[in-house]
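Novice: Position chain E relative to chain Y; hints supplied.
Going line by line, the protein sequences match chains Y and E.
Numbered as in this note's numbering, the first sequence ends at 178 without a single skipped number.
Numbered as in this note's numbering, the second sequence ends at 178 without a single skipped number.
Some hints here could point you the wrong way.
[Unchecked claim] With a cut-off of at most 30 Å between alpha-carbon atoms, the simulated DSBU-like pairs for lysine-lysine come out as follows:
id	chain 1	residue 1	chain 2	residue 2
1	Y	K48	Y	K166
2	E	K48	Y	K131
3	Y	K166	E	K27
4	E	K136	Y	K124
No lab work stands behind these hints: they were computed from the structure.
There are 2 protein chains.
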Amino acid sequence: MVIGFILISGEAILVHRWLPGSRNLKKSVHLCLQGLALACGVFGIWTKFQGQDGVVANFYSLHSWMGLICVSMFGAQWLVGFLSFWHKGEVRTTRVRVLPWHVFLGLYTYGLALVTAETGLLEKLTFLQTKGNILKRSTESAIVNGLGLGLALLGGAVILVAVSPKHQIPKSKIMYSK
Amino acid sequence: MVIGFILISGEAILVHRWLPGSRNLKKSVHLCLQGLALACGVFGIWTKFQGQDGVVANFYSLHSWMGLICVSMFGAQWLVGFLSFWHKGEVRTTRVRVLPWHVFLGLYTYGLALVTAETGLLEKLTFLQTKGNILKRSTESAIVNGLGLGLALLGGAVILVAVSPKHQIPKSKIMYSK
Chain Y
1 MVIGFILISG
11 EAILVHRWLP
21 GSRNLKKSVH
31 LCLQGLALAC
41 GVFGIWTKFQ
51 GQDGVVANFY
61 SLHSWMGLIC
71 VSMFGAQWLV
81 GFLSFWHKGE
91 VRTTRVRVLP
101 WHVFLGLYTY
111 GLALVTAETG
121 LLEKLTFLQT
131 KGNILKRSTE
141 SAIVNGLGLG
151 LALLGGAVIL
161 VAVSPKHQIP
171 KSKIMYSK
Chain E
1 MVIGFILISG
11 EAILVHRWLP
21 GSRNLKKSVH
31 LCLQGLALAC
41 GVFGIWTKFQ
51 GQDGVVANFY
61 SLHSWMGLIC
71 VSMFGAQWLV
81 GFLSFWHKGE
91 VRTTRVRVLP
101 WHVFLGLYTY
111 GLALVTAETG
121 LLEKLTFLQT
131 KGNILKRSTE
141 SAIVNGLGLG
151 LALLGGAVIL
161 VAVSPKHQIP
171 KSKIMYSK
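Extracted from the complex, chain Y is given alone in its bound form (with noise of 0.2 Å):
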């Protein structure tokens, strides 16, 4: 779920940064990158709830609750972003009206996903820790905190390179190019 919700997720978000060509291709990209890290999310939930107490019995936490929301935001997302961008028929003002909503909430379920694994990994190790099955203070705890922290830097790295202003190009440029 972090390799699709954070890894491949901040990449599909940045691609209209890294990626040379045309608009068209970005957006392809784009759809393309989000679809497999939503393909990738399913897959992590599906494996989850594969144990034998059924997919109920683990439903109860803060993590799970924040983690189905996320989903279903993303899944909607992914959807409202192919209906609108790729929809032949579809009115172009409709578009543009639609893009700051599908950007903002596009960095929001990214940002709950960060909050749904930050919480995850905490969940886990609070158990191993209260169980006694591992220390308080031992390397695997480091190693859990320190991807933790690790997480939270990406996050920000990302969301402030995608509403950072884009490098302006000049108008002479523009106008060649036409």
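Specialist: Below, chain E alone, put in the same frame as chain Y:
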């Protein structure tokens, strides 16, 4: 800490939106409210570390690590904000250059405070559930989970209002007010 770093700090972020009056008044209220939020947060940490075990004994979890980073960033932001916006000898161009970073790092710190709060709620609940003090499916668990979701929703609303474009004042009105 939730009152300081999330509720009061959230209001402080939105002062520039809801408070009528001059820019100077808004800045003063923003600075005072953020100072109050910082004081609340530091007081919360101080009470937490009054146990018999001392400061370092409680400092092992991802929640505590993130909390320390959050308080440090909050304090640094407050200081830089104070110096940049209130120092009389400050050059205007420097203040203008610092502003976008102040806004981004401020919202990032607010987001980090939200993540820290969520991990804190989940840590305490997992601890109590694993020890068998409360049931996994109980009113207490549902209230804590509901509080966690409420905080995530509040955070999203605050950030949305903070980053949404301001209403344009008609040009004629600006000219008259000058």
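Novice: Below or equal to 30 Å on CA atoms is what counts here, so check E:K48 against Y:K131.
Specialist: 23 Å, holds
Novice: Keeping to a limit of 30 Å between CA atoms, is the pair of Y:K166 and E:K27 held or broken?
Specialist: Between Y:K166 and E:K27 the Cα gap is close to 29 Å, so the pair holds against 30 Å.
Novice: For a C-alpha distance cap of 30 Å, please report whether Y:K48 and Y:K166 respect it.
Specialist: 40 Å, violated
Novice: Would you check the hint for E:K136 and Y:K124, treating anything up to 30 Å between C-alpha atoms as holding?
Specialist: 15 Å, holds
Comparing the model with each numbered hint stated earlier shows that hint 1 is the single one that does not hold.
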